[in-house]
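Here is what each chain is made of, one letter per residue.
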Amino acid sequence: MAEQGASGVVMTPAIQVRPLPVASFAVLRLGAAQAGAVIAAASAALGAALPTTPNRAAGEAPRALWTGPLEWTLVGSPPERLSALEAALAGSIAHLADLTDGRVGFRIAGPAAAELIESECPLDLHALAPGDCAQSLFAGVGVLIERREGEDGFRLYADASLAAHLEAWLAAVAEGLVGRGSGDSG
Amino acid sequence: MSGRLEGFGRIDRGRPIGFRFAGHPYQGFAGDTLASALLASGVRLLARSFKLHRPRGLVAAGPEEPNALVDVLAPGDRRPNLKATELELREGLEAVSVNCWPSPGFDLGAANGLISRFIPVGFYYKAFFWPSWRFYEPFIRRAAGLGRVGDAPARARFEHRFAHCDVLVVGGGQAGLTAAAEAAGAGARVILCEQDFELGGALLWNGRAVDGREGAGWAAEEGARVAASAGARVLRRTTASGVYDHGAVALAERLPGDGMRLWQVRAERLVIATGRTERPLVFPGNDRPGVMLADAALQYQARFGVKLGERAVVVTDDDAAYGVAQALAAAGVRTLLADLRANPALAAPPGVERLEGATVVRTHGARRLSGVSLRDAAGRVRRIACELLAMSGGWTPNLQLFTQAGGAIAFQAGALEPAAAPAGVAVVGSAAIPETPPTPPNALGRGKAFVDFQADVTAADIELAAQEGFVQVEHLKRYTALGMGTDQGKVGARAGQALLAQITARSAPAVGAPRARPPVSPIPLAAFAGRARGELFAPRRRTPLHALHQTLGGALEDYGGWLRPACYLRSGEAEADAVRREALAVRQGVGLFDASPLGKIEVVGPDAAWFLGRMYANPMASLAIGRARYGLMLDEIGAIIDDGVALRLAEDRFLVGASSAGAERIALWLDEWRQCEWPERQVLVAPLTTAVGVVTVSGPRARAALKAAGADIDFAPEAFPHMAFRDGRVAGIEARVVSASFSGERSYEVNVAAGRTEELWRAIAAAAPDAVPVGVEAWLLLRLEKGYLHVGVDTDGTTAPDDVGVGYVARRNVAFVGKRSLLRPENLRPDRHQLVGLEALDGQPLAPGAHLVRPGGQGSEGYVTSTGLSPTFGRPVAMAMVKGGRARLGETLALAGEGRAVRIAPRAAYDPEGARLHG
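As given, the protein sequences belong to chains R and V, one line each in that order.
Start counting the first sequence at 1; every next residue gets the next number (this note's numbering).
Start counting the second sequence at 1; every next residue gets the next number (this note's numbering).
To be clear, the hints were calculated from the coordinates, so they are not data collected in a lab.
Note that the Cβ used here is the ideal one computed from N, Cα and C, for glycine as well.
One thing to keep in mind: the hints can contain errors.
[Stated by the list, open to error] Covered stretches of chain R (chain V as the covering partner; in silico rule of three or more C-beta atoms under 8 Å from a C-beta of chain V): (1) 74-87; (2) 95-108; (3) 127-141; (4) 147-161; (5) 167-178.
[Said to hold, decoys possible] From the structure, some residues in chain R lie toward chain V, with a derived Cβ separation under 10 Å: (6) GLU71; (7) PRO111; (8) GLU118; (9) CYS121; (10) LEU123; (11) ASP124; (12) ALA164; (13) GLY183; (14) SER185.
Take these sequences, add in the hints, and give me the full structure.
In structure tokens form, the structure reads like this:
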């Protein structure tokens with residue numbers, strides 16, 4: 001039985017799901033014209049190289065996740081970095097959307113973390129290497145899943161309007177998962 | 001008479017298990033199935049057949065069992081149609097038979113058997129067409145049926161799981177285990193699934209050794225070795241139920257408590273090791289309890305230690321059953337072997353009497369077998385007393401999954417076998433062995449000779465169907481129900497096809513075999529639903545004001561996937577009264593409405609104006625900076641897919657407003673056209689919807705309320721006209737205020753960062769104590785009074801702009817999505833349905849969806865789309881789609897079926913000139 005503690009959505013030996021406070025969540029979109037130069041300027045302003053390999057993420061604050069062709073999700077940008085980015089984008093075909101109020105995040109850790117997500121998400125999490133991210137569905141709604149280097153489990157971002165839906169599903173699925181990713185069904 | 005054989009079986013005699021069947025208590029052991037425990041307890045009669053209510057016992061021992069379906073009862077739950085052969089015995093298990101009342105031993109429905117000669121195959125099609133099938137269906141459903149579904153929601157656990165692997169092995173017998181071990185040893189990610197609760201397949205009872213070790217022990221060790229490999233999974237109690245495109249395989253894992261986990265597995269390679277199934281022999285009385293497949297008899301004896309009788313007869317046309325006769329004799333059962341072949345090559349096993357060239361004349365016994373009459377080659381008939389009649393009509397490989405995966409079937413000398421396998425698919429083990437060719441059935445004597453036990457299809461039925469022209473296997477299947485039971489004809493269908501070939505004097509390949517469709521084994525609907533029940537059924541979005549709505553008494557309901565207040569109930573107030581009160585507050589004072597779900601999509605770039613000019617039917621490129629414009633979006637066929645208000649923020653920057661339900665869809669729609677049609681255009685699409693909260697302040701005192709809350713925006717009508725927007729601060733919060741209206745009153749949509757929406761609402765409410773919270777129902781009533789369009793309510797997937805009074809867009813001299821379709825003859829018909837207002841002449845409310853006819857006439861002239869009781873006028877207001885409606889203002893129509901008179905009226909009942917929007 002999953003316990004719903006004050007500190008998390010799910011807290012069992014196999015799975016710990018905690019809300020992940022997102023200080024800043026923004027999406028940067030660039031036009032194709034002179035994209036290379038704009039990427040370089042934007043990376044310099046952010047202090048993090050925007051990854052150009054699909055579904056890769058880089059940097060710490062901000063963490064830049066490739067979420068589409070010429071589209072990056074920037075998580076945890078200090079305000080001055082975003083201001084610098086705005087300045088660097090002036091005159092370019094670009095759009096920076098501040099979605100901080102519209103997104104929620106979860107940290108999903110523990111030996112059954114992958115099983116929890118795979119219960120309702122068709123992605124192969126085995127193929128998600130540290131530093132990878134991917135967009136998919138969980139429990140019927142769009143999510144952005146990230147696996148960070150040196151960190152157990154996954155980060156999951158979704159629309160804030162769906163937070164209650166996701167919390168209910170995460171808790172329901174976690175119930176009964178004991179973290180036997182392989183082996184015999186017994 | 002029955003019981004167990006000492007020293008036989010894999011059951012744990014140290015762990016007795018109590019259970020109940022048909023109301024009676026019994027005892028079995030750990031390692032039993034319900035079927036084996038019942039047999040060991042002397043129960044032979046387990047069920048009544050589907051159509052004829054004939055007494056039936058166990059025919060098989062595995063998932064192919066056609067007869068022994070039971071309902072399992074648990075407190076507050078009833079799981080129907082489970083196979084006794086698949087139910088692992090557990091303490092307290094309570095099962096009842098299906099399709100008999102009050103019990104399988106005394107079944108009132110058995111009267112069907114007495115009139116069976118009058119209900120031949122196709123009877124239902126032939127007899128029940130007058131006055132209509134529906135008249136008879138309830139009676140037939142009650143008489144002929146399977147288990148009962150419980151009344152309460154399923155309490156067992158149902159869930160889903162996705163998985164990916166390099167190799168998926170279906171079947172945990174010797175071949176499957178070998179394949180899985182090899183793949184796991186090579187480092188592959190392996191999933192091995194086995195439908196039984198034990199690995200080993202036939203090794204569990206055929207006594208064969210593998211690598212010099214006892215077979216069952218080898219299987220357990222090999223399975224443990226696979227399970228211990230990194231990334232490998234061994235799933236027992238798991239049936240692969242279907243193979244789909246791109247290597248997708250569905251697995252159904254039975255969970256404790258008779259729940260189920262549905263797996264969707266994507267496998268690089270699929271290894272099919274599904275084994276083979278023994279075929280029955282077709283002879284009179286072959287369905288009597290006590291007649292079973294020879295290999296099943298062996299399994300009950302060798303795996304479960306069941307003593308099936310003192311005397312047994314083994315009837316076969318195949319060598320494999322010789323081993324069964326030998327094993328029965330070795331266990332002390334007096335065994336006679338009746339070989340249908342005249343000169344069998346094999347010698348009779350030691351201690352077993354053999355009859356060559358034998359024919360089964362009939363079986364004896366009432367509810368259980370007491371003997372069998374056999375005719376020998378010389379024509380002499382002998383009656384032999386026995387409690388077990390083990391039959392073997394040869395073997396057919398289980399190729400359901402193989403054919404679903406795209407594998408081909410071939411026939412060699414009348415024997416079915418797997419042919420070319422598609423890439424990435426392999427079939428191994430006994431599933432890869434060609435079948436033993438079916439031999440013609442026994443000469444048909446007196447009594448019913450069954451082919452498909454579950455569907456009650458006899459040899460005579462197949463003969464009759466063939467006479468009536470149903471000579472294609474797919475037709476035969478549908479006409480006779482051969483292979484259409486919950487067992488999907490695993491036991492009988494192949495014998496039926498062979499019989500059809502014989503009757504129609506065609507070769508086996510000419511007759512063919514129907515393609516086995518998924519699922520290979522039944523899956524309860526609850527498993528497809530998984531956890532998506534109750535609160536988890538569908539995502540319901542919450543607005544940033546969710547908590548506030550709750551404290552304000554908001555009655556939250558689902559509107560287009562959003563949980564929104566229908567109205568705000570005051571203590572003791574009825575919902576209709578609350579809606580009326582809220583609507584009047586907007587007409588007379590000021591209301592606050594949570595419009596946060598409205599879609600907000602920024603479109604930017606040098607080509608933004610050009611792009612939106614293409615995406616809207618209305619002109620957008622000419623929109624002035626600082627102004628707002630209402631627009632319709634169409635799909636390629638010219639149908640309206642959404643409407644909303646767009647703002648021009650700058651020369652190269654727009655904010656597209658989409659409906660609440662369309663917010664996500666329209667953002668994807670815009671991006672699709674941008675990416676796929678005009679990738680060379682310099683434009684970006686950025687959805688912002690849930691990052692922005694919206695409080696709409698509406699009513700004649702809206703301006704005063706905003707001023708009271710404190711705003712640095714000049715709200716004077718000349719400074720801030722209708723359909724414009726201003727950026728500034730409201731109540732100290734950075735805001736974008738849009739003057740646009742859905743209510744018909746002067747309205748301001750105040751957009752702020754979502755996290756500050758509640759603060760904004762509270763500040764306005766505190767500064768303007770007369771401001772009334774307004775729910776969605778009042779909001780929709782206000783727009784109905786005003787005659788405004790509600791896309792998806794007043795429109796459907798065919799409604800074009802002209803149908804809702806915006807026909808001028810088709811004459812615009814520019815291109816936009818859907819325009820070409822607006823010029824088709826279909827779109828230019830004068831009698832298309834057009835949106836008009838409707839007045840009920842008797843003052844009574846109109847039902848949405850009600851059709852309209854000419855007085856005294858027939859045929860629909862249109863239908864009501866929106867309806868409500870106007871708080872402003874104290875009478876019903878409605879809109880309708882009426883054929884050529886705009887030219888028929890003032891015409892009187894009648895409600896179909898009721899005759900009530902209605903009059904076609906202008907859409908806007910309230911303020912048709914729009915004076916109140918500008919005041």
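Right, here's what the structure says about each hint:
Given as covered by chain V, the stretch 74-87 of chain R fails the check, having 0 residues with a CB less than 8 Å from a CB of that chain where 3 are the minimum. Requiring three or more residues with a Cβ within less than 8 Å of a Cβ of chain V, the coverage given for the stretch 95-108 of chain R holds, as 8 such residues are present. Counting residues of the stretch 127-141 of chain R whose CB lies closer than 8 Å to any CB of chain V gives 4, which reaches the minimum of 3, so the coverage claim holds. Here's how the stretch 147-161 of chain R fares: 3 of its residues keep a CB closer than 8 Å to some CB of chain V, so the rule of at least three is met and the hint holds.
Chain V is given as covering the stretch 167-178 of chain R, and this holds because 5 residues of the stretch bring a CB closer than 8 Å to a CB of that chain, at least three being needed. About 9 Å separates the beta-carbon of GLU71 (chain R) from the nearest beta-carbon of chain V, less than 10 Å, and the hint is met. Because the closest C-beta pair between PRO111 (chain R) and chain V is about 14 Å apart, greater than 10 Å, the hint is violated. The restraint placing GLU118 (chain R) at the interface with chain V holds, with a minimum CB-CB distance near 5 Å, inside the 10 Å limit.
Contact between CYS121 (chain R) and chain V, as hinted, is supported at the beta carbon level, the nearest pair being about 6 Å apart and thus within 10 Å. Interface hint at LEU123 (chain R): satisfied, since its Cβ lies 8 Å from the closest Cβ of chain V, which is below the 10 Å cut-off. Checking ASP124 (chain R) against chain V: minimum C-beta separation of about 4 Å stays under 10 Å; hint holds. For ALA164 (chain R), the shortest C-beta to C-beta distance to chain V is roughly 6 Å, which falls under 10 Å, so the interface hint holds.
With 10 Å as the threshold, the beta carbon of GLY183 (chain R) comes within range of chain V, its nearest partner Cβ sitting at about 5 Å, so the hint holds. Annotation: SER185 (chain R) was flagged as interfacial toward chain V, and the flag holds, the nearest CB pair being 5 Å apart, inside 10 Å.
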